[in-house]
Amino acid sequence: MSAPVLSVRNIEKSFGGIQAVRGVSFDVHKGEILGLIGPNGSGKSTLFNCILGQLAPDAGEVHVTGRNVSKMRASDLNKLGVGRTFQQLSVFPKMTVLDNIILAGQEHHGTMLSRLFGPSDAGLTQQAEQLISFFRLTHLRDALAGSLSYGQQKLVDAAMALMAGPSLVLLDEPAGGVNLTMLANLKERLVTYNAEHGTTFVVIEHNMEFVMSLCTRIIVLAEGHIIAEGKPEEIRANQTVIDAYLGG
Amino acid sequence: MKRWLRPLLLVLLLVLAIIAPLGQGNYIVYTLTSWLIFSIAAMGLNLTLGYAGQISLAQASFMAIGAYTTALLTLAGWHWVLAMPLGLILCFAVGLLLGYPALRVKGHFLAFVTLAFNTLVFLILRNEEWLTGGSYGLVGMPRPDFGLFSTMKQLPFYYFTLGITVIASLVMWGIVRSPWGRAFKALRENPVRAESLGVDTRRITLLAFAIGSVYGGLAGALITPLVQFIEPGSFGVGHSLRILLMVVVGGAGYFFGPFLGAGVVIMLPEMLRFTAGYYLIIYSALVIVMLVFVPSGLIGIGGRLREKFRPRREVRADMREGARLQ
Numbered sequence: 001m002s003a004p005v006l007s008v009r010n011i012e013k014s015f016g017g018i019q020a021v022r023g024v025s026f027d028v029h030k031g032e033i034l035g036l037i038g039p040n041g042s043g044k045s046t047l048f049n050c051i052l053g054q055l056a057p058d059a060g061e062v063h064v065t066g067r068n069v070s071k072m073r074a075s076d077l078n079k080l081g082v083g084r085t086f087q088q089l090s091v092f093p094k095m096t097v098l099d100n101i102i103l104a105g106q107e108h109h110g111t112m113l114s115r116l117f118g119p120s121d122a123g124l125t126q127q128a129e130q131l132i133s134f135f136r137l138t139h140l141r142d143a144l145a146g147s148l149s150y151g152q153q154k155l156v157d158a159a160m161a162l163m164a165g166p167s168l169v170l171l172d173e174p175a176g177g178v179n180l181t182m183l184a185n186l187k188e189r190l191v192t193y194n195a196e197h198g199t200t201f202v203v204i205e206h207n208m209e210f211v212m213s214l215c216t217r218i219i220v221l222a223e224g225h226i227i228a229e230g231k232p233e234e235i236r237a238n239q240t241v242i243d244a245y246l247g248g
Numbered sequence: 249m250k251r252w253l254r255p256l257l258l259v260l261l262l263v264l265a266i267i268a269p270l271g272q273g274n275y276i277v278y279t280l281t282s283w284l285i286f287s288i289a290a291m292g293l294n295l296t297l298g299y300a301g302q303i304s305l306a307q308a309s310f311m312a313i314g315a316y317t318t319a320l321l322t323l324a325g326w327h328w329v330l331a332m333p334l335g336l337i338l339c340f341a342v343g344l345l346l347g348y349p350a351l352r353v354k355g356h357f358l359a360f361v362t363l364a365f366n367t368l369v370f371l372i373l374r375n376e377e378w379l380t381g382g383s384y385g386l387v388g389m390p391r392p393d394f395g396l397f398s399t400m401k402q403l404p405f406y407y408f409t410l411g412i413t414v415i416a417s418l419v420m421w422g423i424v425r426s427p428w429g430r431a432f433k434a435l436r437e438n439p440v441r442a443e444s445l446g447v448d449t450r451r452i453t454l455l456a457f458a459i460g461s462v463y464g465g466l467a468g469a470l471i472t473p474l475v476q477f478i479e480p481g482s483f484g485v486g487h488s489l490r491i492l493l494m495v496v497v498g499g500a501g502y503f504f505g506p507f508l509g510a511g512v513v514i515m516l517p518e519m520l521r522f523t524a525g526y527y528l529i530i531y532s533a534l535v536i537v538m539l540v541f542v543p544s545g546l547i548g549i550g551g552r553l554r555e556k557f558r559p560r561r562e563v564r565a566d567m568r569e570g571a572r573l574q
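First to last, the sequence lines map onto chains A and B. First residue of the first sequence? That's 1 in this note's numbering, and the numbers climb one at a time after it. First residue of the second sequence? That's 249 in this note's numbering, and the numbers climb one at a time after it.
If you are wondering where the hints come from, they were derived from the structure by calculation, not from laboratory data. All values reported here derive from a predicted model rather than from experimental measurement. Check before you lean on any hint, since a few could be wrong.
Stated by the list, open to error - For lysine-lysine, the following DSSO-like pairs were computed, each having C-alpha atoms within a straight-line distance of at most 27 Å:
| id | chain 1 | residue 1 | chain 2 | residue 2 |
| --- | --- | --- | --- | --- |
| 1 | A | K231 | A | K79 |
| 2 | A | K231 | A | K187 |
| 3 | A | K71 | A | K94 |
| 4 | B | K354 | A | K94 |
| 5 | A | K71 | B | K354 |
| 6 | A | K187 | A | K30 |
| 7 | A | K94 | A | K30 |
| 8 | A | K79 | A | K30 |
| 9 | A | K94 | B | K401 |
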């Protein structure tokens, strides 16, 4: 098997006396869609923030395509090929949908100076329009992102995470607050993108239907450590997971 | 706005700016020149505050740096064209330094840091008499002379300032329409998200301050030959607040906002002169009323009227889809 796209090694993180993450390790390989699930307070978001450099872990390391990224800034991590979305809506509301998506790719083209003096587009508009069309948002191309519905903004957010052609994308509760129609659209688009581009996804989600139908593998966290790992059908049948999280 | 309408409107505005001082007395031409110069200063603050979202109460101090550098060098015999760029380079460097606190403090705290900086510059100008002339200031700076075109008289100096304003506006237009402009707006709206998309928010914050400061310096470099007398009191905190008012009144984050704002802040008191001692009261009341009813500035009035008479198309297509599900 090839080297993992993401390798998490013995991550530990405490807040005061509370140990939020306790020695978590796992690998994610190219093309996988990994789901991270668990009850509230199980350490999912803390782990996510440690992976993305927003929290410094007390111990352990994170490697992306073999490179230690434990102390890397978010902008450098993005340039290394890591895209992400946030639990809260995080589009730029006073910019158009097109500008939001172009922005998500522009820092990957040229140098700081060439972005000021060079051609302002560099093919980004065409690339952004393809993504807008892919997420079926063409009719909203020139609308201000802030004027869109919650679900539409989630789609724009996802498109922004994909604009730079990342090798790894981390999605933080992408289904939260999204209506059924939009949710089906989002899932179908992510699966298609994964199949077409081989992009690796890691998804934190509470919507079990969404996770079980989207992910190829699932890790279950409880009280800061991994209690189960496997394919969706294995997780559904796992008695420890049923007791700790899914319920009867 | 229709695509062809914008350039037509711009040409019309430029023609208006060219014919406005014709046949006017020296004082009106002087006031119009002041409007152009403060538009440049406000344009710089509009980049720092309106586009990049970084509050600054120090724009007058950059006018001071530009003004004093140009004044000292032109008094030493340099031509304005050579003295001015040195002032701008100094403003860029000092603006970069002032940007560093913005990496750590935000909002009101940043406002106080910049306010303290403005006070510091004011005190240096007042106390370092050997260099700045202290409270007496500097006097007798020559206006630029280009041989066939001399700016010694008020009208040629107005056209000279108009030319510089057009160039400065084109450069600013290029900046805000470039990927840098997009990064500035992203910094204003959501810096954490911008960073996660590869935007180096530290660098772009520093640049927002440095470029905004350069525009302040350019305004200062033009004030020097206009008034031919500068003293520290012309660059105090009150003047920074006045430039901030221009940006807010015109419309922060809108390209033409600073021109409108500077026009109101400079011209309105002149227009209200007939009210004698009441002009400041009327002026203040008008500004308060405007900020209450049009917080997005004068530019925002156009948008509000457009929304009222031609509401935008509904973009929430999912609502229609949701309705179909029932």
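Legend entry - Numbers of the earlier hints that this structure fails to satisfy, in rising order: When the structure is compared with the hints, numbers 1, 3, 7, 9 turn out to be violated.
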